[in-house]
Amino acid sequence: MRSFIRAGYLITLKEKKWTANTQLKKVSPLVLGLLSEKEYQNPLLVFKKAFKEYSIKEFDYFISGMVYFSMGIYDNPPERNMISPYIHLTKMLDAAYLILERRGKK
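Its first residue numbered 238, the sequence shown is counted upward by one per residue in our numbering.
Treat the hints with care, as some may be off.
What follows is a list of derived Cβ distance ranges for each label pair [as the list claims (entries may be wrong)]:
{"id": "1", "residue 1": "273", "residue 2": "247", "range": "30 to 36 Å"}
{"id": "2", "residue 1": "298", "residue 2": "337", "range": "24 to 30 Å"}
{"id": "3", "residue 1": "289", "residue 2": "334", "range": "29 to 35 Å"}
{"id": "4", "residue 1": "274", "residue 2": "250", "range": "35 to 41 Å"}
{"id": "5", "residue 1": "271", "residue 2": "302", "range": "27 to 33 Å"}
Capping the alpha-carbon separation at 27 Å, the derived lysine-lysine pairs in DSSO-like fashion look like this [as the list claims (entries may be wrong)]:
{"id": "6", "residue 1": "275", "residue 2": "263"}
{"id": "7", "residue 1": "285", "residue 2": "251"}
{"id": "8", "residue 1": "294", "residue 2": "251"}
{"id": "9", "residue 1": "289", "residue 2": "275"}
{"id": "10", "residue 1": "285", "residue 2": "262"}
{"id": "11", "residue 1": "263", "residue 2": "285"}
{"id": "12", "residue 1": "262", "residue 2": "275"}
{"id": "13", "residue 1": "275", "residue 2": "251"}
{"id": "14", "residue 1": "262", "residue 2": "294"}
{"id": "15", "residue 1": "285", "residue 2": "275"}
{"id": "16", "residue 1": "289", "residue 2": "251"}
{"id": "17", "residue 1": "262", "residue 2": "286"}
{"id": "18", "residue 1": "286", "residue 2": "275"}
{"id": "19", "residue 1": "294", "residue 2": "263"}
FYI, nobody ran anything at the bench for these hints, they're computed from the structure. By construction, the Cβ of each residue, glycine as well, lies at the ideal position given by its N, Cα and C atoms.
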């Protein structure tokens, strides 16, 4: 996951060189998953938004926290919001799949 996060960050740095914006017909909400129609059409927006809200270091902290809390019983709740980074990671995985799928068709 750490490598995926870093690769996603590099995608945002090279955003102008990549073209993933695809005009598609109306898409079923089931196909969209967590992505909006705009994000489905341009999956690079997902990475851009994720790294606008969280840094690589914060994603690393999130992953470490998830591993820590999943390995045992703890008395104190997490200090930070664990849901928002998870949603971003899930959306980035969906977007990465779309990017790979669309790049393979060219």
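Hint by hint, here is what the structure shows:
Separated by about 23 Å at the C-beta atoms, residue 273 and residue 247 break the suggested range of 30 to 36 Å. At roughly 27 Å, the beta carbons of residue 298 and residue 337 sit within the given window of 24 to 30 Å. Between residue 289 and residue 334 the Cβ separation comes to about 21 Å, which falls outside the hinted range of 29 to 35 Å. Distance hint check: the CB atoms of residue 274 and residue 250 are about 26 Å apart, inconsistent with the given range 35 to 41 Å.
Here the CB-CB span from residue 271 to residue 302 is close to 21 Å, at odds with the stated 27 to 33 Å. Restraint check for residue 275 and residue 263: satisfied, since their Cα atoms lie roughly 11 Å apart, inside the 27 Å limit. For a cut-off of 27 Å, the pair hint linking residue 285 to residue 251 stands: about 11 Å separates their Cα positions. Distance hint between residue 294 and residue 251 is fulfilled; the C-alpha atoms sit about 20 Å from each other, no more than 27 Å.
About 17 Å separates the Cα atoms of residue 289 and residue 275, which keeps this hinted pair within 27 Å; it holds. Annotation: proposed proximity of residue 285 to residue 262 holds, straight-line Cα distance about 24 Å (limit 27 Å). For the hint linking residue 263 to residue 285, the alpha-carbon distance of about 24 Å falls within 27 Å, and the restraint holds. With a CA separation close to 12 Å, the supplied pair residue 262 and residue 275 stays within the 27 Å bound.
In summary, the hint linking residue 275 to residue 251 is supported, as the alpha carbons are separated by about 20 Å, within the 27 Å threshold. Between residue 262 and residue 294 the CA atoms are separated by roughly 38 Å; this puts the pair beyond 27 Å, and the hint is violated. The suggested pairing of residue 285 with residue 275 holds, with an alpha-carbon distance near 13 Å, which does not exceed 27 Å. As the CA atoms of residue 289 and residue 251 are separated by approximately 15 Å, the hinted pair is consistent with the 27 Å bound.
Restraint check for residue 262 and residue 286: satisfied, since their Cα atoms lie roughly 24 Å apart, inside the 27 Å limit. The hinted pair formed by residue 286 and residue 275 meets the criterion: a straight-line CA distance of about 12 Å does not exceed 27 Å. For a cut-off of 27 Å, the pair hint linking residue 294 to residue 263 is broken: about 37 Å separates their Cα positions.
Going through the hint list in order, the structure does not satisfy hints 1, 3, 4, 5, 14 and 19.
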